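Undergrad: With the hints as extra help, turn the sequences into a complete structure.
2 protein chains.
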Amino acid sequence: MGHCCYALSEMTDSHQRDRAGKRERLVASAGELLHRQGVSATTLAQVAEAADVPPGNVYYYFKTKDALVRAVVDARIDEVRTMLGSFDAQPDPGTRLKALTRQWVEMRDLVARHGCPLGTLCSELSGRDDGLDREAAKMMSLILDWAEDQFRQMGTPDPRDLAVNLFAGVQGGALLANTFRDPDLMTSHVRHLEHWIDSLS
Amino acid sequence: MGHCCYALSEMTDSHQRDRAGKRERLVASAGELLHRQGVSATTLAQVAEAADVPPGNVYYYFKTKDALVRAVVDARIDEVRTMLGSFDAQPDPGTRLKALTRQWVEMRDLVARHGCPLGTLCSELSGRDDGLDREAAKMMSLILDWAEDQFRQMGTPDPRDLAVNLFAGVQGGALLANTFRDPDLMTSHVRHLEHWIDSLS
DNA sequence: GTCTATAACCAGATAGAC
DNA sequence: GTCTATCTGGTTATAGAC
Numbered sequence: 001m002g003h004c005c006y007a008l009s010e011m012t013d014s015h016q017r018d019r020a021g022k023r024e025r026l027v028a029s030a031g032e033l034l035h036r037q038g039v040s041a042t043t044l045a046q047v048a049e050a051a052d053v054p055p056g057n058v059y060y061y062f063k064t065k066d067a068l069v070r071a072v073v074d075a076r077i078d079e080v081r082t083m084l085g086s087f088d089a090q091p092d093p094g095t096r097l098k099a100l101t102r103q104w105v106e107m108r109d110l111v112a113r114h115g116c117p118l119g120t121l122c123s124e125l126s127g128r129d130d131g132l133d134r135e136a137a138k139m140m141s142l143i144l145d146w147a148e149d150q151f152r153q154m155g156t157p158d159p160r161d162l163a164v165n166l167f168a169g170v171q172g173g174a175l176l177a178n179t180f181r182d183p184d185l186m187t188s189h190v191r192h193l194e195h196w197i198d199s200l201s
Numbered sequence: 001m002g003h004c005c006y007a008l009s010e011m012t013d014s015h016q017r018d019r020a021g022k023r024e025r026l027v028a029s030a031g032e033l034l035h036r037q038g039v040s041a042t043t044l045a046q047v048a049e050a051a052d053v054p055p056g057n058v059y060y061y062f063k064t065k066d067a068l069v070r071a072v073v074d075a076r077i078d079e080v081r082t083m084l085g086s087f088d089a090q091p092d093p094g095t096r097l098k099a100l101t102r103q104w105v106e107m108r109d110l111v112a113r114h115g116c117p118l119g120t121l122c123s124e125l126s127g128r129d130d131g132l133d134r135e136a137a138k139m140m141s142l143i144l145d146w147a148e149d150q151f152r153q154m155g156t157p158d159p160r161d162l163a164v165n166l167f168a169g170v171q172g173g174a175l176l177a178n179t180f181r182d183p184d185l186m187t188s189h190v191r192h193l194e195h196w197i198d199s200l201s
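As given, the protein sequences belong to chains A and B, one line each in that order.
By this note's numbering, the letter at position 104 of the first sequence is numbered 104, and the numbering carries on one by one without gaps.
By this note's numbering, the letter at position 4 of the second sequence is numbered 4, and the numbering carries on one by one without gaps.
Hints are not guaranteed to be accurate.
As the list claims (entries may be wrong) - Derived CB-CB ranges, DEER-like: (1) Arg128/A <-> Trp196/B: 31 to 37 Å; (2) Glu106/B <-> Asp149/A: 31 to 37 Å; (3) Thr82/A <-> Gln46/B: 39 to 45 Å; (4) Pro91/A <-> Trp196/B: 54 to 60 Å; (5) Pro55/A <-> Asp182/B: 38 to 44 Å; (6) Asp184/A <-> Arg181/B: 30 to 36 Å; (7) Gly131/B <-> Arg191/A: 30 to 36 Å; (8) Asp88/B <-> Ala67/A: 50 to 56 Å; (9) Asp184/A <-> Pro55/B: 43 to 49 Å; (10) Gln153/B <-> Asp66/A: 47 to 53 Å; (11) Asp52/B <-> Gly85/A: 52 to 58 Å; (12) Asp149/A <-> Ser141/B: 36 to 42 Å.
As the list claims (entries may be wrong) - With a Cα cut of at most 35 Å, we get these calculated DSBU-like pairs of lysine-lysine: (13) Lys98/B <-> Lys138/B; (14) Lys98/B <-> Lys63/B; (15) Lys22/B <-> Lys138/B; (16) Lys98/A <-> Lys63/A; (17) Lys22/A <-> Lys63/A; (18) Lys138/B <-> Lys65/B; (19) Lys63/A <-> Lys65/B; (20) Lys98/A <-> Lys138/B; (21) Lys65/A <-> Lys138/A; (22) Lys138/A <-> Lys98/B; (23) Lys22/B <-> Lys65/B; (24) Lys138/A <-> Lys138/B; (25) Lys138/A <-> Lys63/A; (26) Lys98/A <-> Lys98/B; (27) Lys138/A <-> Lys98/A; (28) Lys98/B <-> Lys65/A; (29) Lys138/B <-> Lys63/B; (30) Lys138/A <-> Lys22/A; (31) Lys65/A <-> Lys65/B.
Just so you know, these hints were derived from the structure itself, not from any lab.
None of the values given here were measured: they were computed from a predicted structure.
No residue lacks a Cβ here, since even glycine has one placed at the ideal position from N, Cα and C.
TA: Structure (structure tokens):
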């Protein structure tokens, strides 16, 4: 997340460097294209070309298109975990919560162009018969549970409702920033949310 | 909007009853399918079948698929206008704003299943080279401008920011309700927003 | 184990029949 | 004026070549 939104974990086994390299390039390219164009509008040929992999060759690395999408979602889940973990360095829950919302300010240009990478995925994957919608929901659950915990540490009543309120604000702000292609909308809206956080302590 | 979310304006010319009837049935069916499945995942064959029109025949009524999508967006814009107009009956701006948010509570089941009919459209149509993204943005502009005006009537400072804050909350709540398939999330979140509105006056 | 040629299918769009 | 048979292109997926 954050500056390096489409980043993925480093490869570990140098024996399988090329293979893993291609696989990861495919997931990275797919993640970017899924964000920019949506899931069903993105073709495997586009993903292959963006990853510099021969077209049609995608099926060697992923049994089906859905499997590739699933890999993208799982990568996002990892990114969310890493992001939340990085906030532990902050001294108090209010500062940690503002470190969360600041992420969306930092990727405001990306958000204005293509929407929140998490929100658009959840929106498009919602209501699928396979488990992909639930997988996408995990991204949001991680954040909501984490935020709820922060509010609880602040000693506020109804920490879950506050977490939902905060993150709904972030997601709704991202949607409007995208709709109006206006990164500044994201910035000023998050400022509003941060003032709200400060008002609670 | 509201209870009859996919409703369209009545036909006017009984001479063209069948023709207009089919055209409107196509727009209504398309609107529902676009909401349920998304734009690019919806095929014209599905729309034709849902509207009980011969497949392939869609092109007699709409030059292209984009033209059909545009007709759906325009119909939504009209629905938004009608909805906002219906709130004029309310006595004061605070009550009018709560009448707005109440709409999303009333369609909470629809929202939980397929997302906000306005938000998902804007999300998917954003960043298109044709003017469809701007057309979709009009739906949101109408609501934001109207809400801004209500806040201004309440005499609050920064009415535009408050309008954005309110509607971002609604849209974000809809996204989370959809992600977790939980209509109650929409209900309780809107209650939170309504308390916030009350706290301003 | 890695990749390519091709199959099978389905989309949007059109020419022309009624 | 209304509708249908068909075409073209592109997509997912696979069988089999290297």
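Undergrad: If a hint holds in the structure, say so; if it does not, say that too.
TA: Comparing the hints with the structure gives:
1. For Arg128/A and Trp196/B, the Cβ-Cβ distance of about 34 Å falls inside the hinted range of 31 to 37 Å, so the restraint holds.
2. Range check, Glu106/B to Asp149/A: about 33 Å between beta-carbon atoms, so the 31 to 37 Å window is met.
3. Distance hint check: the CB atoms of Thr82/A and Gln46/B are about 40 Å apart, consistent with the given range 39 to 45 Å.
4. A beta carbon spacing of about 29 Å between Pro91/A and Trp196/B contradicts the range 54 to 60 Å that was offered as a hint.
5. Remark: the range hint 38 to 44 Å for Pro55/A to Asp182/B is upheld by a beta-carbon distance near 41 Å.
6. At about 33 Å, the CB distance of Asp184/A to Arg181/B agrees with the hint of 30 to 36 Å.
7. For the pair Gly131/B and Arg191/A, the supplied restraint of 30 to 36 Å holds, since their beta-carbon distance comes to about 31 Å.
8. Remark: the range hint 50 to 56 Å for Asp88/B to Ala67/A is upheld by a beta-carbon distance near 52 Å.
9. Range check, Asp184/A to Pro55/B: Cβ separation about 46 Å, and the 43 to 49 Å hint holds.
10. With their beta carbons about 50 Å apart, Gln153/B and Asp66/A fall inside the hinted range of 47 to 53 Å.
11. For the hinted restraint 52 to 58 Å between Asp52/B and Gly85/A, the CB-CB distance of approximately 54 Å keeps it satisfied.
12. Under the hint 36 to 42 Å, the C-beta atoms of Asp149/A and Ser141/B, about 37 Å apart, fit the expected range.
13. For the suggested pair Lys98/B and Lys138/B, the alpha carbons sit about 21 Å apart, so the restraint of at most 35 Å is met.
14. Annotation: proposed proximity of Lys98/B to Lys63/B is violated, straight-line Cα distance about 40 Å (limit 35 Å).
15. For a cut-off of 35 Å, the pair hint linking Lys22/B to Lys138/B stands: about 26 Å separates their Cα positions.
16. For the proposed pair Lys98/A and Lys63/A, the alpha carbon gap of about 40 Å is over 35 Å, so the pair is violated.
17. For the hint linking Lys22/A to Lys63/A, the alpha-carbon distance of about 15 Å falls within 35 Å, and the restraint holds.
18. Between Lys138/B and Lys65/B, the direct Cα distance comes to roughly 20 Å. Compliance with the 35 Å bound is thereby established for this hinted pair.
19. Taking the CA atoms of Lys63/A and Lys65/B, the gap is near 31 Å; set against the 35 Å cutoff, the hint holds.
20. Our distance criterion of 35 Å between C-alpha atoms is met by Lys98/A and Lys138/B, whose separation comes to about 31 Å.
21. About 20 Å separates the Cα atoms of Lys65/A and Lys138/A, which keeps this hinted pair within 35 Å; it holds.
22. Taking the CA atoms of Lys138/A and Lys98/B, the gap is near 31 Å; set against the 35 Å cutoff, the hint holds.
23. The straight-line distance between the Cα atoms of Lys22/B and Lys65/B is roughly 16 Å, inside the 35 Å bound, and the hint therefore holds.
24. Taking the CA atoms of Lys138/A and Lys138/B, the gap is near 32 Å; set against the 35 Å cutoff, the hint holds.
25. Annotation: proposed proximity of Lys138/A to Lys63/A holds, straight-line Cα distance about 23 Å (limit 35 Å).
26. Distance restraint check for Lys98/A and Lys98/B: the Cα-Cα separation of roughly 28 Å lies within the 35 Å cut-off, and the hinted pair is therefore satisfied.
27. About 21 Å separates the Cα atoms of Lys138/A and Lys98/A, which keeps this hinted pair within 35 Å; it holds.
28. The hinted pair formed by Lys98/B and Lys65/A fails the criterion: a straight-line CA distance of about 43 Å is larger than 35 Å.
29. Proximity of Lys138/B to Lys63/B is assessed by CA-CA distance (about 23 Å); at most 35 Å being required, the pair is judged to hold.
30. For the hint linking Lys138/A to Lys22/A, the alpha-carbon distance of about 26 Å falls within 35 Å, and the restraint holds.
31. Between the alpha carbons of Lys65/A and Lys65/B the distance comes to roughly 25 Å, so the proposed pair stays at or under 35 Å and holds.
Violated hints for the displayed structure, listed by number in ascending order: 4, 14, 16 and 28.
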